[in-house]
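Asks: Okay, here's what each chain looks like letter by letter:
Protein chains: 2
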Amino acid sequence: MKLKYLHTMIRVKDLEKTMAFFTLLGLKETKRYESEQGRFSLIFMAPEGQEECPIELTWNWDGDDGLPADSRHFGHLAYGVEDIYATCQMLQDAGVTINRPPRDGHMAFVRSPDNISVELLQMGDRLEPAEPWASMQSSGNW
Amino acid sequence: MKLKYLHTMIRVKDLEKTMAFFTLLGLKETKRYESEQGRFSLIFMAPEGQEECPIELTWNWDGDDGLPADSRHFGHLAYGVEDIYATCQMLQDAGVTINRPPRDGHMAFVRSPDNISVELLQMGDRLEPAEPWASMQSSGNW
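First to last, the sequence lines map onto chains A and B.
Quick note: the first sequence, position 91, residue 94 per this note's numbering, numbers continuous.
Quick note: the second sequence, position 70, residue 73 per this note's numbering, numbers continuous.
Simulated from the structure, these hints should not be mistaken for lab results.
Fair warning: this is a prediction, and the values are worked out from it, not measured in the lab.
Incorrect hints may have been included.
The list treats identical chains as one, so a pair stands whether inside a single copy or across any two.
25 Å max Cα-Cα, derived PhoX-like pairs, lysine-lysine [unchecked claim]:
no., residue 1, residue 2
1, K20, K7
2, K20, K5
3, K31, K5
4, K5, K16
5, K34, K7
6, K34, K20
7, K31, K7
8, K34, K16
9, K31, K16
10, K20, K31
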């Protein structure tokens, strides 16, 4: 039987904050479905040229109190980036905590507004260690 | 800055059970990394022809007590299937609970051995409603 990967869905409390976060990273909205009756929206976002691998944001208009505070069991979403230092700097300037700084020029972890863990991986060879990242401490978990 | 989707990672308690579950669905191992020092394995699995959209199974050899019992915050993994009734029948025969039966011939939800929610969507047009699915009750959440 044939199988096709469709998306990874994550639930969001504040759609605007979450879309701003993933837009910062470089994802774009590719599809949207809104249900007046069900009072929810589904927003699909993907990197350019990768419309086949979207995340789906599920936003319940009246909130979703059943959401746990953390979602470590899930693991993370992972994205390759062209310059991990530039990406982390851009995120930090926007107020995002770099939970696992790219000390090795290769890997970093941040969290979405809903505490969804997001891994960033330098594409191609790792970069030379550089400050302030090389001596920055980790914080939280991911 | 260019961005590339890499994978969705989920943590697993029992690698064998989880690989059996995703193998049932039709995913295949595409890559594996084992760390003797860190005492963990990373196993990538993807549908055939979609090696670009893998899930990554993280398995800590000594267990991972920090995992919450549920991971609803995560949302789910979604896979398109050729015949949703045949897929659900096959899973049920293998002992998997169909939490949200495909009453509408279109959508079903099951859970991996770690309670990771997995959505199954009929590819193309929805199927005609058919028993036993049409009158099967939902159980649990997803």
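Asks: Determine for every hint whether it applies to the structure shown.
Replies: Against the structure, the hints come out as follows:
1. With identical chains, the CA atoms of K20 and K7 are at most 25 Å apart between copies only, with a shortest distance of 21 Å across copies and 30 Å within one.
2. Proximity of K20 to K5 under the C-alpha cut-off of 25 Å is restricted to the inter-copy arrangement: shortest distance 22 Å between copies versus 37 Å within a copy.
3. For a Cα distance limit of 25 Å, the shortest separation of K31 from K5 across copies, 12 Å, qualifies, whereas the shortest one inside one copy, 28 Å, does not.
4. For a Cα distance limit of 25 Å, the shortest separation of K5 from K16 qualifies neither inside one copy, at 34 Å, nor across copies, at 27 Å.
5. Taking identical chains as interchangeable, the C-alpha atoms of K34 and K7 lie at most 25 Å apart whether they share a chain (18 Å) or sit on different chains (18 Å).
6. Taking identical chains as interchangeable, the C-alpha atoms of K34 and K20 lie at most 25 Å apart only when both belong to the same chain, with a minimum of 18 Å there against 35 Å between chains.
7. For the identical chains of this complex, K31 and K7 are neighbours both inside a copy (22 Å) and across copies (12 Å), given an alpha-carbon limit of 25 Å.
8. In this assembly of identical chains, the alpha carbons of K34 and K16 lie at most 25 Å apart only when taken from the same copy (19 Å versus 34 Å across copies).
9. Taking CA atoms no more than 25 Å apart as the test, K31 paired with K16 passes inside one copy only; the shortest distance there is 19 Å, against 34 Å between copies.
10. For the homomeric pair K20 and K31, the shortest alpha-carbon distance inside one copy (14 Å) is at most 25 Å, but the shortest distance between copies (36 Å) is not.
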